[in-house]
Amino acid sequence: MFVHIFKTRLKCLLRDKEMLFWSLLFPVALALLFNIAFSNLNAHDTFEPVKLAVVADESYLQDAAFRGALRNVSTGESRIFDLQETELAAARTMLRSNDISGYILAGDVPTLITSGTGLGPSIAKTFLDSYLQMQSSVNSILAKDPSSYEELMDRLNARLSYTKEVSPGGGESNPVLNYFYSLIAMTCFYGAFFGNREVLDVQANLSPLAARISVSPVHKLKSFLYSMCASLLINAAEVLLFILFLAKVLGIDFGEDTGLVVLTALMGSFTGVTFGAFISSLVKKDENVKIGVIIAVSMTGSFLAGMMYGEMKYIVQQNVPVLSYLNPINLLTDAFYCLYYYDTYTRYAVNMGILATFAVVFCLGTYLVIRRRKYAGI
Amino acid sequence: MVINARNLVKRYGELTALDHLDITVEEGEIFGLLGPNGSGKTTAINCILSLLDYDEGSIEVFGRPMTPENYEAKRKIGIVMQNVAVFQELTVYENIDYFCGLYVADKTLRRKLVNEAIEFTGLEDFRKFRPKKLSGGLLRRLNIACGIAHKPQLIILDEPTVAVDPQSRNKILEGIAELNRNGATVVYTSHYMEEVEQLCTRIMILDKGRAIATGTKDELKAMISIGEKVIVDTDVPDEALLKALGGIRGVSSVSYSEGAVTVTSGRGMSSLEAVLEILKKSGAAYSRIRTELPTLNDVFLEITGKGLRD
Numbered sequence: 001m002f003v004h005i006f007k008t009r010l011k012c013l014l015r016d017k018e019m020l021f022w023s024l025l026f027p028v029a030l031a032l033l034f035n036i037a038f039s040n041l042n043a044h045d046t047f048e049p050v051k052l053a054v055v056a057d058e059s060y061l062q063d064a065a066f067r068g069a070l071r072n073v074s075t076g077e078s079r080i081f082d083l084q085e086t087e088l089a090a091a092r093t094m095l096r097s098n099d100i101s102g103y104i105l106a107g108d109v110p111t112l113i114t115s116g117t118g119l120g121p122s123i124a125k126t127f128l129d130s131y132l133q134m135q136s137s138v139n140s141i142l143a144k145d146p147s148s149y150e151e152l153m154d155r156l157n158a159r160l161s162y163t164k165e166v167s168p169g170g171g172e173s174n175p176v177l178n179y180f181y182s183l184i185a186m187t188c189f190y191g192a193f194f195g196n197r198e199v200l201d202v203q204a205n206l207s208p209l210a211a212r213i214s215v216s217p218v219h220k221l222k223s224f225l226y227s228m229c230a231s232l233l234i235n236a237a238e239v240l241l242f243i244l245f246l247a248k249v250l251g252i253d254f255g256e257d258t259g260l261v262v263l264t265a266l267m268g269s270f271t272g273v274t275f276g277a278f279i280s281s282l283v284k285k286d287e288n289v290k291i292g293v294i295i296a297v298s299m300t301g302s303f304l305a306g307m308m309y310g311e312m313k314y315i316v317q318q319n320v321p322v323l324s325y326l327n328p329i330n331l332l333t334d335a336f337y338c339l340y341y342y343d344t345y346t347r348y349a350v351n352m353g354i355l356a357t358f359a360v361v362f363c364l365g366t367y368l369v370i371r372r373r374k375y376a377g378i
Numbered sequence: 001m002v003i004n005a006r007n008l009v010k011r012y013g014e015l016t017a018l019d020h021l022d023i024t025v026e027e028g029e030i031f032g033l034l035g036p037n038g039s040g041k042t043t044a045i046n047c048i049l050s051l052l053d054y055d056e057g058s059i060e061v062f063g064r065p066m067t068p069e070n071y072e073a074k075r076k077i078g079i080v081m082q083n084v085a086v087f088q089e090l091t092v093y094e095n096i097d098y099f100c101g102l103y104v105a106d107k108t109l110r111r112k113l114v115n116e117a118i119e120f121t122g123l124e125d126f127r128k129f130r131p132k133k134l135s136g137g138l139l140r141r142l143n144i145a146c147g148i149a150h151k152p153q154l155i156i157l158d159e160p161t162v163a164v165d166p167q168s169r170n171k172i173l174e175g176i177a178e179l180n181r182n183g184a185t186v187v188y189t190s191h192y193m194e195e196v197e198q199l200c201t202r203i204m205i206l207d208k209g210r211a212i213a214t215g216t217k218d219e220l221k222a223m224i225s226i227g228e229k230v231i232v233d234t235d236v237p238d239e240a241l242l243k244a245l246g247g248i249r250g251v252s253s254v255s256y257s258e259g260a261v262t263v264t265s266g267r268g269m270s271s272l273e274a275v276l277e278i279l280k281k282s283g284a285a286y287s288r289i290r291t292e293l294p295t296l297n298d299v300f301l302e303i304t305g306k307g308l309r310d
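Chains as they are written, first to last, in full-length UniProt numbering: chain A, 1 to 378; chain B, 1 to 310.
Here chain B stands alone, though its shape is the one from the complex (with noise of 0.2 Å):
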């Protein structure tokens, strides 16, 4: 097990940011933490660096307590910081080579670790350049490239892509991909569900400090009730048409909101067929039809009653 929290508190006065978490993270897995602003995602990460006292419980990782004096453990993680922490007089390069010289004295390897982050994260035509004049997206990825350099078995990124455009975000979910298929342990955290869905092999959502569930993602959306979802775009429909859709079997519930009635189907079944012919037979005019499966912010929605935006 490389990471495994037991019973975490951590407190603010009045505010209980963690609440008896439970965290472990077995070799090889990419780990998502998923919640909404505020949920206790960074405290955690913060509590099993070792840079937040927290209040109650135990942390270990690689199987030994973890400490401001574990050096050993430090030696094997690679962080990437929710805010760029890079220093603005270095160049892309010398940046790099700094915080990959903290855990690498030999300068001929880390040279050459140095070049290959630069490479990995697509810096090859930056590496002269400040910070303050790369983009968002080129200056989170200067980030992921001092945080990674050092080839660490344990590699936590919390929120990376925020504030990044689509391009840079794909490049970045591609690269950690990556970085776990050569072998490293990821713990990813972020309140994008798309990013978490796409890239973890195991979840957990927070909410208020707490884990309200953990798992794969077939896993999280086979513990709710819904299944899956109709959307037909068109004009406000009259109270017949909305009656009908609610009547077809399996049917747990039909919405209209800007300018897309919802038809959503229970667990296992689909309402697709039977959607098309009644709106076929009553006639109603519609732009566009789609389905969606249900999505992580289903889970959280059902399991919290609020979206993982709200």
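In isolation and in its complexed conformation, chain A is listed as follows (with noise of 0.2 Å):
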């Protein structure tokens, strides 16, 4: 019986264009929108070099420290500005032509020329402002102790950090992942749509094909586990597709630690399907509005996790931590982000363990709820 009410179930939801498209193919093109969104993201942080051109005048030729430090920034990959040596015509022209974001005038101080605000002009005027400051500090240091030049130039040579970033695992950090996390977990979470359907199929009061089905002679909650099975396989293994297309396709990092990101996704589909049950099972209405129940809780549980802007995940913790632990999705998301970044499992187990109390209540609610085999009204 299992193979026959299983077999039948398989071709059922593999028909099912419908939810085939919300459950698998509207996914994968949220995450290409969210791959273009991000990648032009990536592109402006790019950091551009600020076109700057200096006036190439007698003051500039012979202040060599000046010339040296400018020419210091703007040589090489990391440098700050594309420097152009120019007479003052020519820079004029090129200001007015906005070719460049500024000049510098050298004279007895320097002095920036811009047409305007702006990231280019506030990033020379920045660079102008600290070499003056240096300049001026390391003249009052040398006309106090002139014997102090080497040491003064050896300790400007060797600026030191104070800070830097490390990572606790083995990802560096990048919040881009999480938007892609939790579309995962939104994608297990869309499984709800099997479960709700297997629960309109076997409740008899919900559907002439339940009613139909609850005269044969099957148990109820076998044929109810039958047809799960085949909910949970098809679910599951959609959230496997997306996982390899996000991570052969997109390119999207999950770490090291694959059979973790499989054990994730099973149990972030498991989770999903029994909620849509537990869901369609709770809600005493028709189909439509079991539906915009599950969409309204998944959809909202991906927000709070962080789906449609980044901070959200980061605001819930600091402001109403709770919710943190009380959103699967966000869980999930989590989970993922947890095998990605940290090189302990502490974190992943604590909400792997969440999630799986989350499983096991959907399941005690949904049997509490079908167990029941005859009806007050049909």
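There is no bait here: all hints are sound.
To give a feel for the contact side, a few chain A residues facing chain B, derived at Cβ under 8 Å:
#1 15
#2 16
#3 211
#4 375
#5 377
Quick list of in silico lysine-lysine cross-link-like pairs, BS3-like style, CA-CA up to 25 Å:
#6 B:132 - A:11
#7 A:220 - A:285
#8 B:112 - A:7
#9 B:151 - B:76
#10 B:151 - A:220
#11 A:11 - B:133
#12 A:7 - B:107
#13 A:7 - B:133
#14 A:222 - B:151
#15 A:17 - B:132
#16 B:133 - A:17
#17 B:151 - B:107
#18 B:171 - B:151
#19 B:107 - B:128
#20 A:222 - A:11
#21 B:280 - B:243
#22 B:151 - B:128
#23 A:51 - A:125
#24 A:11 - B:128
#25 B:281 - B:229
#26 B:107 - A:11
#27 B:112 - A:11
#28 A:7 - B:128
#29 A:7 - A:222
#30 B:112 - B:171
#31 A:17 - A:7
#32 B:221 - B:208
#33 A:7 - A:220
#34 B:76 - A:220
#35 B:107 - A:222
#36 A:7 - B:132
Honestly, the hints are just simulated from the structure, not real lab data.
Ideal Cβ placement from N, Cα and C applies to all residues, glycine included.
Hints in hand, dock the two standalone chains.
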């Protein structure tokens, strides 16, 4: 009987194009959109050197220190400026035609000429202010103690940074990944559509098909479990396919522990499908209302897990930390992030433990409702 | 006895859907449950199938109390629900195979039974069609095929011909009669008196959850006071003509509506000859004249004071 029901159910679910769209193609489409959006975001993050000119007049040519400092920050791959040494007239023309962000007149005190505000002029001004401040400090120290020149130069050349970024695990901090992980969590929870359908097709008071199946000589709970196996298999396969797509096509990093990534996906899928069954058995309204509740809960959970706005996850953690643990989509998102970011499993285990508790609650709740075999009304 | 339901009471709040109803169905008969919409036919069926809780009474099917766990009885029952209950994603063949498979595990036997059901319901040309491609009539036939493929001993059909074209309806009724000839006991619910009259060997008329009459169609018709009706299609008749018709011996009533005069005789009486004579004498113009024997609607009308379709 298991094979008969399971096989038929697989056929039904695989032929339900609407369900397949929402549970697989929709997340794939969203992932592609995310990828396009975040690619542009990363392109914007790449620093473009500021186009700057300096008037190569006599004072500039005589000020070797300034010329050296300016040339120093205008060479190499991580240069700040694309520097042009030119005449005053040419510099003015380039500024007017917006070919440069500004130009510098060396003079007695170097001066920045810009046509307005913006990132380029601000960077140039910051550099110039910093140089002038440094020059002033050096001049005043040397005026007091000319013998300290060498030590001063050594210290200036050995600037120290007192903070550094460290990763507690193998991965580098990457807030963009959270968007994709929450998308996987959403996909797992779209498995709720499968769970919903299973309950609709087993509760005789919810559909004629369920009533018809209920009068057949098959134990109701067995029939439900056999069908659920098909739903779980399809949803788990969809989630794994989706992860494969993210990893191989979009190049999303999941860390090194593939086995645990698969385990997390399977746990997410199980929780998602049982969540749908739970909602469907709990909400005593028609199918549209049940689907509405599933979508509302999934999308709210995804939003709070940072799918639409990355900072939201941290806002929730800071202001309502308990909500982070009550939102299964956040737990799942965080579990994936833990596998990528940390090399210890404490936080991951906590997430998975709470998710498992949710799944047990969903299963028990569903069982308590659907175990009823006769109804007050049909 | 195949079904023995005693003193069934089912209440929905203030509404009593079944009011101390007794239903007995003997092996081999076609038992009809006739009644208007809301009379309790489907509620009674759902109670018998152990889908619905009931407040009082007892139900035995094949000699054993009917419960959701009585799989032995369930295995012998074929049910055709009022609403078509099939999987939209499966083909005709796959749907019948699925439902048959809930009763029959052996694949070879099942294939044979499914093919027989397809042939029986005339769905040979549609075996690879999905339900949404089928017309209303074909869909009903698929619904029936899913219910009878496993060759049940008891077939319960709940309004199987609702929204079906006359051609499909006749095909369905012929099929049900054949199933009965092949040995199945049939319980058939409908609010179409013509169907029940044509098909059923014994009929129970339901109204407001109560059985108001039970018997063969002849026994039911014998319960009422009216006999043959003579119906004359004519223009508005004058008072004198109506009075003359009313004066015929044995006539219980004369009425006029929608272009026809209806002369109703008492039980066992006939008035056709006298009506023709009066029409000839009066010179009244008429386009057609016909006679009708009492129908189940007349039985229902006389007992409840309203028509089956009111």
